[in-house]
Amino acid sequence: MRVLARALAAALALGAAAPTTARAADVKFGALFPFSGQLALLGEESARGVEIAVDEINAAGGVQGQKVVLARGDAVDNNQAIGEARRLISLERVVAIFGSYSSARSIAASQVAELSGLPYFELGAVAEEVTGRGLQYLYRTNPTAEDMAKLAVEMIVNKVAAGLGKKPGDLKIGIIYEDSSYGTSVAGFQKKFAAQAKLNVVTAQGYPAATVDMSSLVLDLKGRGIDVLLQTSYQNDSVLFLQQANEAGFKPGAIIGGGGGYSMQPTADAVGHTVIEGVLDTDFTQYLVNTQYTPGLESFVAAYQKKYGGAPRSGHSLNNYVGAKLILQAIDKAKGFEPDTIVKAAKGIDVKDGVTAVGYGFKFGKNNQNERAAMMGMQWQGGKLVTVYPDSAAVAPMQTRQ
Amino acid sequence: MDVFLQVLANGVMLGGLFAIVSVGLTLIFGIVKVVNFAHGEFLMVGMYLTYLAVSGLGLHPFAAVILVVPVLFLLGALTQRFLIQPLLAAGDHHIQIFATVGLSTVLINLALLVFGADIANTPPSGLRQPLQIGPVRVLLGQVVILGTAILLVAGLQTFLARTRTGRAIRAVAQNRAAAELMGIDVNRIYALTFGIGAACVGVAAVLIAPLYPTSPNSGTYFVLIAFVVVVLGGLGSIRGAFVGAILIGLIDSVTGFYVGADMREVAVFGVFLAILILKPSGLFGRQLRLSHVSP
Amino acid sequence: MTDIPLTAAPSAGLSAFPRRGAAALALVLAALVAVPVAVGNPFIYHVFITICVFAALSTAWNIVGGYAGQLSLGHGIFYGLGAYCGMLLVGAGISPWIGMVAGAALAMLVALAISYPCFRLHGPFFSLATIAFLEVFRVLALHFRDLTGGATGLMIPLKFGWAWMVFRDRWPPLAIAFGLLLLTLAVAWWMRTHRIGFYLVATRERESAARAAGVPTVGTRLVAVAVSGALTAMVGTFHAMYLTFIEPAAVFSLTLSIQIAMFALIGGLGTVFGPLLGAVLLVPITELARGWLGAKALGLHGLVYGLVLVLVVLFLPNGLMGLVSRFTRAGAGTRGVQAGTVAAAPRAAERRPLGEAVIRVEGLQKRFGGLHVTNDVGFTLREGEILGLIGPNGAGKTTVFNMISGFLKPDAGSVSVRAPDGTWHSPGRPADFAALGVGRTFQIVQPFAAMTVEENIMVGAFYRHRDVREAREVARETAERMGLAPWLGSEARGLTIGGLKRLEVARVMAMRPRVLLLDEVMAGINQTDVRRAIDLMLSIRDTGVSIIAIEHVMQAVMALSDRVIVLSSGQIIAQGSPQDVVRDAAVIEAYLGKEFVHAHA
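Respectively, the protein sequence lines represent chains A, B and C. For the first sequence, our numbering assigns the number 1 to the initial residue and increments by one for each residue that follows. For the second sequence, our numbering assigns the number 1001 to the initial residue and increments by one for each residue that follows. For the third sequence, our numbering assigns the number 2001 to the initial residue and increments by one for each residue that follows.
Quick caveat, the hints were computed from the structure, so don't treat them as lab data. Note that the structure is predicted; figures quoted are calculated from it, not measured. C-beta atoms are modelled at their ideal positions from N, C-alpha and C, and glycine is treated no differently. Check before you lean on any hint, since a few could be wrong.
Cross-link-like lysine-lysine pairs, in silico, DSSO-like; alpha carbons within 27 Å at most [as the list claims (entries may be wrong)]:
#1 C:Lys2409 - B:Lys1279
#2 A:Lys335 - A:Lys363
#3 C:Lys2159 - A:Lys366
#4 A:Lys384 - A:Lys333
#5 A:Lys344 - A:Lys366
#6 A:Lys363 - A:Lys192
#7 A:Lys335 - A:Lys307
#8 A:Lys344 - C:Lys2409
#9 A:Lys159 - A:Lys352
Using C-beta positions, here's what the derived DEER-type ranges look like [claimed, not checked]:
#10 A:Ala59 - B:Val1114: 50 to 60 Å
#11 B:Gly1270 - C:Val2218: 20 to 30 Å
#12 A:Tyr308 - B:Pro1135: 45 to 55 Å
#13 B:Ile1133 - A:Tyr308: 43 to 53 Å
#14 B:Phe1082 - C:Ala2449: 20 to 30 Å
#15 A:Gly134 - B:Pro1086: 49 to 59 Å
Simulated coverage check for chain C against chain B, where a stretch passes if three residues somewhere in it have a Cβ under 8 Å from a Cβ of chain B [claimed, not checked]:
#16 2130 to 2143
#17 2422 to 2435
Next comes chain A alone, as it looks inside the complex (with noise of 0.2 Å):
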């Protein structure tokens, strides 16, 4: 039996691991997400916008000649991350880590990168600790979560006060948020941006995002009078809230989700399209977009559609597509797979806005995060999420209550 153990743990050390098998002319970089586990389904979205991003480069004569292989990492818990990392580092030796979705995970991962001094790139975590630990080779190309809360703040002032015929000073501002670290890193935002712009929040309260009923939220919220509510969450809670104030006669002037559930199809299903006609959503950017802003968009979907059989299910994929794809046509221009080249290649992006299939450009700067970096503000109409903040990629002007 014990020989049986150390037999198994030997096995394991070598030959369990399976590296990928990649020819000579090949490059291998690692995808670590959440695979398995409670955050799979958008990790594995996420995982898909690399994959295809992979293929148009390949189609396009691979990076410097070479094929891109990618070698998956699951990083099912914090531990496991780790685990990964070292995995894609020292046995697939992978020149570069693509990731991954979940903040706890990267800012697990990324760490080990770092002390082994391999580039990280992080394509669609939002917490802000990711890019504030001042690493070297960690480069995050997408918006955070300071982006969306300054996003919701802007959409407040400068369009929904107007809507609802208030002074933005005016309006009664109440922020909930599930309580992990998503929706309390968003919320701490949202309230350092609100007190930036002046604006009056009157509660913000946290709940655990396993909840079962928010009915005595939903009533201090309406008892409170509330004008513009900002909610952070996942597709449960969201369901729950939007029920439950719908029927509790709780309809403030204007409901911002803070991407999470308020970005998914199956929310409005679930909830109505009718109750969540109107209701308003920051996140990365979606499909209903102006293309004229977003090039390169229906493309995507299209390449997505044909090779995953449907419709992706959020904009994750889009996100970590156009990074992942910008990132290895940077280091296509470069010659050689060393970390100080790539990371070199990595400075040298300068891509202005309007100009991928996501919008913003792309510019790495302090801390290596992406500084052109933005989320969209968008809105659900006739059972549809539709773009319509900022102007110039909105796709139907913003409606709102009176």
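Starting from the known structure of chain A, arrange chains B and C on it as the hints suggest.
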């Protein structure tokens, strides 16, 4: 004042929800003396079945009962027969806990495999109709849940007190060995009880699915509360479970409104722990035998 | 012969450890270090560090879950406390080594605070309480975000070196993880092979019998929980430094708590090295499975995981160590059938004179609801006396016993015991009675089934002798006196009823009591053994022990008792010499009814 009444109404409705989920659990807990950690997953399975029946077959949720309840009954009876019964001989509670934890994991992942991680939404079928009762607004479906909970409690009480099978069940709960000597097939009774408990959860699922989104983790949201309710009410006391559920619902609603949404869990678990420590037999339960000394 | 045990094969026991096992264990431990160093790959290092961490966590958990039998599903509390302590102190510029100690101390306090009220809860209630506490801690960690960083968690700055427990090299974290593993194994092994291990198993098996044997059941379990919590916290601190990032959901995690319990279950609850085996086997297999199954379909990996758990629970309840010991036991062979009971050691020829009163009972009253089970019961026991307590079924004899041994509190009346120094005391709990030298047996025998006969007696012996070897000596000696010497190495559950009764007596006798309360020791044993048991009782009396014996076997009552008390419907209806009592009309009526009174007269 109106607001306060609404808070109370929300609490009572929530309590009804907890009650209907917990009744089955207290029956199983009290009679078979098994902690079914997979109880929430039974609920989740029932909710998915309801979803399939309503959106797939076009049935009204009330009609879906015909499909869901027998399936859940079978699930409960089979769990008892093949998972719990072999372990009862071992006499070790720990093993049973692990067994049902394992079952819970299996069911959650099976749901993930079959239905995916997205939420499934059962059409409300009229149950989301709001009712205005004076200053207070509730949903039709919530009132149905509360009413059904009361009926279920009353029905189970009557069943246990008046029918032969019910008496047999009570006998087994009080003294298994003696019941066996009286000619009662204890294993059959256990399987039956587990089945009835699961069937109760099936009823709960049918009524809950139109009101709440269903996902593989739906069960976990409810199960911890169900345990709190069962312990609060008293092990094996069905009436106690009902009262406990209403109490917990009120505590949850009041704390959520007057203290803050994030402290609701602390309040509920605080009450749970206080009961466990101060009066483990709960509000209505008999004094638990805490030693092996025979009188 | 009724005393022949049904299974005579030697058991693994608490203290035995086969030589082959030791060698295999050393190999496994060596491999844990040697393999990663030999392969040199950072990923392999990570896997083995993870194995060490989880093996250490499971071993620490096992002290509470396995030894003490309290299934904690909330050990994440201690892991989290250690993690946060370390992180917060590092943030304040203090080395995580100090954080480790601070975390351990904090975990100990929390463990004591949480467990003390929960120990009265049995089985599933205890588990539920631990889960509830875990949730509360998680929510509090989220709530006090100024302190804990809230939902977004805490990170440590990347300062390298042994002082900060963050390294560029791979081997130092492995060394620390391995060191912690060795520490937990050493502590677990020490506990198991010393008095506290015996006390824990006894408490787990039969709490009331343990208390009667003088085991401080609550104190023992508190020690176990404190030690387990401290060790878990230390591992938590290390792991936090290793991950460099923690968040409430990840550390105060029910999944993690269940996982470490599961490794212990699969390896073998209650064994020292089971959890290690569980972790060594399962961590790599989980990695493998995730690699194959995880990416294939959502939920497939978890499904297989759950199925494995269910299958192990159903078919391998003793875990892998159970499998291992089944193989080793099969090889050991079976002993032959013993040739009949051994008589107890011969008696001294002369009997000592009766001494002063040693127990005084006055005016005992007890009601259970409407039932008046004890009505003004009072008597005195003199030193060196054998007092018989008889009466029809339901008279309330055992209730009286429970009240004079601390297991039941009388509604009114007093029980006083004279200490060796002559002062009178009114003890309340079994431990107090034990301290005054009052020992008892139970009507339904309560052996510690998982232990051998020798170990059972040792539990009693530990009352007077701390050292394991001394206790073993005393146990052997007592066994010889009781006629149990041939079965010292057999598991208690293999004895017949006669043997078990003797074992009960032996266990109490090993405590060197001054007063012995025997509850129907003659019940269910055959004629020959009744005679032997009578001899045994008399020889015990001759060593200076006073005895009160509840008995139905009249032969024994007549032969043994100096005085007899007859109880009926909770009241004393007769007292006196055995001959007088047996002819008393009230007694005959109580036993046999009115008709027989006239018949006899």
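Does the hinted range 20 to 30 Å hold for Phe1082 (chain B) and Ala2449 (chain C) at CB? With Cβ atoms ~27 Å apart, the hint holds.
Hinted pair, alpha-carbon criterion (27 Å max): Lys2409 (chain C), Lys1279 (chain B). Please report holds or violated. Measuring from Cα to Cα gives roughly 19 Å; hence the hint holds.
Assess, step by step, whether the Cα of Lys159 (chain A) is no farther than 27 Å from the Cα of Lys352 (chain A), and give holds or violated. OK: Lys159 (chain A) and Lys352 (chain A) at ~25 Å, within 27 Å.
Hint check: Lys344 (chain A) vs Lys2409 (chain C), CA-CA at most 27 Å. Holds or violated? Measuring from Cα to Cα gives roughly 81 Å; hence the hint is violated.
For the pair supplied as a hint, Lys363 (chain A) and Lys192 (chain A), confirm whether the alpha-carbon distance does not exceed 27 Å. holds, 25 Å
Next pair to validate is Lys2159 (chain C) with Lys366 (chain A); report whether the Cα-Cα distance is within 27 Å. holds, 22 Å
50 to 60 Å was suggested as the range; check whether the CB atoms of Ala59 (chain A) and Val1114 (chain B) agree with it. violated, 36 Å
With a cut-off of 8 Å between beta carbons, are at least three residues of the segment 2422 to 2435 of chain C near chain B? Check failed, 0 qualifying residues.
43 to 53 Å as the expected CB spacing between Tyr308 (chain A) and Ile1133 (chain B), which holds or is violated: Check passed, 50 Å falls within 43 to 53 Å.
Distance restraint between Lys344 (chain A) and Lys366 (chain A), which requires alpha-carbon spacing of 27 Å or less: holds, 15 Å
Taking 45 to 55 Å as the hint, is the beta-carbon distance of Tyr308 (chain A) and Pro1135 (chain B) inside that range? holds, 52 Å
Agreement of Lys335 (chain A) and Lys307 (chain A) with the hint, judged by alpha carbon distance not exceeding 27 Å: violated, 31 Å
Violated hints, in rising order: 4, 7, 8, 10, 17; the structure is consistent with all others.
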